[in-house]
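Q: The listed protein sequences correspond, in order, to chains A and B. When we follow our numbering, the leftmost residue of the first sequence carries the number 1, and every step to the right adds one. When we follow our numbering, the leftmost residue of the second sequence carries the number 1, and every step to the right adds one.
Bear in mind the hints are in silico, worked out from the structure with no lab data behind them. Cβ coordinates follow ideal geometry from the N, Cα and C atoms, glycine included. Among the hints, erroneous ones may be present.
[Unchecked claim] If you only want the chain A side, here are some residues facing chain B, beta carbon under 7 Å, derived:
| id | residue |
| --- | --- |
| 1 | Ile188 |
| 2 | Leu192 |
| 3 | Ile195 |
| 4 | Arg202 |
| 5 | Val231 |
| 6 | Val234 |
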Amino acid sequence: MASATAAPHVHAPTDSPGNYLTDKRGIASWLFTLDHKRLGVMYLIVGMLAFFVGGMLAEVIRTQLLVPQGLIFNGQTPQAAYAAYKHYNQVFTLHGIIMVFMVLIPVIPGALGNFTVPLLLGAKDVAFPRLNLLSFWLYVFGTVLAIISTLLGAVDTGWTFYTPFSIQTETYVVVMVLGLFLIGFSSILTGLNFIVSIHKLRRPGMSWFRLPLFLWATYATSIIQVAATPVIGVTLVLLALERIMHIGIFNPALGGNPLLFQDFFWFYSHPAVYIMILPAMGIISEIVPVFSRKHIFGYEAIALSSLAIALIGFLVWGHHMYVNGQSAELDAIFSFLTFLVAVPSAIKVFNWLGTMYKGAIVLHTPMLYAISFLILFTIGGLTGVILGALATNVVLHDTYFVVGHFHYVMFGGTIIAFLGGLHYWWPKMFGRMYNETLARIACILLFIGVNVTFFPQLIVGAEGMPRRYAHYLPVYQPYMVASSIGAYIQLAAFLLMAGYLIHSLARGKKAPVNPWGGGSLEWTTSSPPPEDNFQVAPEIGDHYDPYDYHHLVYDANVGGYVHVDSPGHDAPVYVVGSIPRPVAG
Amino acid sequence: MSEAASVGERQNQGCEHLAHHFDTPQQQFDAGKLGMWLFLTTELLLFSGLFCAYAVYRALHPEVFRYASQYLDMPSGLANTLILLTSGLTMALAVRFAQTGKKIGLAICLFLTICGGLGFLGLHGYEYFTNYRQKLLWGLDYNPTRGPHGKPLTPILSMMPPKVRAKPAESPGWTRLDQLGKVGFIVSHSDIAPASPGPSGAAPQEKIVAIASPYGQPANVQLFFSIYYLMTGLHSLHVLVGVILITWLLIRAIRGDFGPGYYTPVDLIGMYWGLVDMIWMFLFPLLYLIH
Ligand code: HEM
Ligand SMILES: [Cu+2]
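Using the sequences plus the hints, can you model the full thing?
A: The structure is reproduced here in structure tokens:
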């Protein structure tokens with residue numbers, strides 16, 4: 001469309017640019033908003049509340065495990081101990097369900113994705129704003145159902161709901177499962193919305209290979225959300241019907257096959273781990289080049305490896321079932337495919353390192369998180385490969401090693417990247433800066449906490465301690481205590497973070513348009529953006545490249561970066577890509 | 001295709017329906033269409049879970065499917081197939097009439113489609129009802145008094161494994177499993193495939209005995225009916241939703257909302273109805289025509 005003409009300029013916002021946070025007032029203007037940015041903020045709030053609850057449950061777990069017989073849930077007689085340990089099962093089940101289904105899966109697409117996707121595209125909103133609102137409310141209602149089920153009788157099946165135990169337990173599995181069904185629906189609609197937005201709402205000139213990599217990651221994630229979530233939906237419905245109507249599909253007593261449940265469950269839940277990690281990788285792909293002041297290395301490789309992960313990720317679910325009665329031939333095939341899926345992840349890691357190599361690295365908070373991510377995710381990914389190997393898996397399956405692995409990837413990967421993204425886009429979301437020093441301290445504290453918590457779990461798992469036990473052999477105690485101390489360190493880091501972020505909302509320094517020198521479109525509109533995102537619809541010039549930082553220079557008067565037409569001339573004029581990049585790229 | 005595109009272009013005139021975040025009606029139409037395709041994909045995947053369960057159990061128990069399918073009323077299923085095919089045609093015509101602005105044709109076709117949907121639901125409901133009377137239900141509630149085609153069920157005692165014989169059958173027909181113990185606790189009686197050899201010594205050594213029905217039926221016929229009700233039930237639910245949506249279209253069509261400038265809802269719901277049709281075209285042979 002707008003092909004060969006030189007790009008017009010987009011001028012910096014001048015008089016009263018508008019502010020999506022304050023332009024409309026009243027609680028209803030939030031609850032029924034169609035604005036993707038407000039929905040993002042609401043996802044953030046609900047997600048953080050869920051994270052708080054899930055985190056407190058984690059602290060309960062770690063406190064229980066300070067002593068071998070259990071500090072909180074224990075009993076003198078076997079009967080008393082049995083009853084108490086059941087509560088422990090409920091606690092870790094809720095911790096898992098909340099963290100997986102209410103935090104890790106929805107929060108990056110829901111909060112950061114909703115906020116940034118239209119901005120990065122240069123669009124006014126997502127393709128279907130009403131659907132977006134519906135999606136948010138499904139998430140909330142699903143969470144409410146989960147709370148109700150917890151009050152009635154908290155589920156004690158583990159987040160995996162394996163049959164036949166999930167058919168037999170007296171707890172309120174049906175209500176919980178219906179809640180998760182709604183959350184799944186919400187996830188599908190979010191993914192659908194993003195796919196259509198990325199296909200249809202790109203500004204003219206924003207071709208596929210000019211998309212910021214976060215959009216590629218979101219696109220790949222959305223494919224998984226749309227293609228895998230219906231399967232967990234039908235599985236959960238079947239489980240509910242199993243309990244209500246005794247249909248027998250998963251119930252061996254009625255001729256059903258419990259392995260089928262595991263197959264269905266992991267057919268979703270393995271791809272779901274990529275729903276968690278892909279957007280996280282997208283965030284890292286945004287942060288690393290900006291804070292290395294260097295063009296992203298291997299753009300195409302990163303973009304396409306997201307798709308590769310999404311596709312291969314559908315073929316590896318059997319690695320959760322090596323020792324569950326799956327045939328040896330299948331085991332071998334799944335093991336091979338599992339090794340394969342690690343390749344695109346590794347490709348990304350090398351490209352991020354390549355981006356940092358010889359870059360002018362600035363260690364602001366988002367970059368600290370990105371570096372933490374690189375270290376922690378690498379540990380997580382490598383332990384995943386160890387688990388993917390058949391021989392080692394037989395020994396390590398259902399031990400703390402698995403717990404250590406998935407916390408390294410889910411916490412060290414997803415949560416850390418999410419926090420990085422939150423710190424990166426925070427000034428844009430709320431128009432305020434946070435205290436950089438405290439933020440760095442919290443980040444480093446968290447990094448230490450994560451390692452102190454989860455590394456001992458890897459060791460103790462390799463030594464044979466099974467997961468999900470409320471009590472353990474005394475020989476494991478040193479590791480368990482270390483792990484608990486790590487959990488308390490994390491708690492301290494999060495409290496600090498909550499403190500300075502709330503402080504920033506109240507009296508943080510006003511954020512400039514472009515505090516970090518990012519090259520993508522969200523950094524050309526005011527902080528916070530107006531309701532329609534851009535005062536003037538951005539025009540994409542022929543030389544637009546979101547990772548080209550040559551024309552962004554720091555302006556101390558503004559407190560942020562400004563776009564200059566040519567070096568030495570610092571008029572704050574926002575021109576998106578009208579100047580040819582040096583031939584090098 | 002190309003014709004559809006040119007028709008789509010004509011939609012550019014319908015500006016009053018343009019949402020603020022789209023630049024052109026064409027862009028909005030395309031977005032809606034893509035969204036619908038994706039939604040249909042998720043629907044297909046929702047069903048695919050059940051198709052998968054079907055495939056697994058049919059592979060594990062071919063005799064069950066062959067036997068139980070005889071219980072189903074093939075002529076009624078065939079009639080339903082024809083009804084849905086016809087309603088698919090009328091829906092496609094409705095979309096065409098909407099694009100070309102033939103308002104009366106549109107209303108008539110939508111009406112006929114609704115009739116088709118209701119006819120399908122009626123016939124299917126009647127089938128459920130007769131099944132219910134014969135106690136051809138899922139799981140433990142599968143308890144028919146007669147065999148397929150009204151033949152009497154004859155007891156074949158020799159097929160009963162010892163433990164089952166130990167419990168007296170209270171009703172003629174299927175030995176109720178819950179008499180044997182609490183549901184979910186009698187794994188050893190089921191006929192799931194033995195676990196593959198795990199680490200040495202972990203494999204079950206003895207072959208697990210299947211539960212044989214005492215009345216000449218293969219074991220686990222109830223599984224077929226669970227799957228039958230799940231698949232057709234989910235499908236009927238979709239038909240019901242379709243009927244409601246098309247009724248809404250009909251009301252709007254009579255009000256004169258649609259024309260060459262704006263027909264997106266007719267188009268999208270037409271796609272949905274196409275999917276509902278198509279799924280039945282798989283269900284019918286898979287459930288009713290097993291020989
Ligand atoms: C390098 C890629 C990865 C490989 C090769 C890998 C491999 C594995 C394997 C083989 C298991 C099964 C262990 C067992 O139960 O015996 C496993 C478990 C798990 N992985 Fe990964 N993984 C990878 C990345 C991830 C990522 C990125 C996430 C999430 C963000 C993740 C989350 C999980 C979870 C949650 C479990 C445990 C599920 C449970 O049993 O509760 N993994 N992984
Ligand atoms: Cu997996």
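Q: Holds or violated: the hint that A:Val231 contacts chain B, with Cβ atoms closer than 7 Å.
A: Status holds, d = 5 Å.
Q: Is the interface hint for A:Ile188 satisfied, with its Cβ closer than 7 Å to some Cβ of chain B?
A: holds, 5 Å
Q: Given A:Val234 was flagged as interface, is its beta-carbon under 7 Å from a beta-carbon of chain B?
A: holds, 4 Å
Q: Does the interface hint hold: is A:Ile195 within less than 7 Å of chain B, judged Cβ to Cβ?
A: Holds, because the Cβ-Cβ distance from A:Ile195 to chain B comes to roughly 6 Å (cut-off 7 Å).
Q: Taking 7 Å as the limit, does the beta-carbon of A:Arg202 come near enough to a beta-carbon in chain B?
A: violated, 10 Å
Q: With chain B as the partner, please determine if A:Leu192 meets the hint condition of a C-beta pair closer than 7 Å.
A: Holds, because the Cβ-Cβ distance from A:Leu192 to chain B comes to roughly 5 Å (cut-off 7 Å).
In this structure, the one hint that does not hold is number 4.
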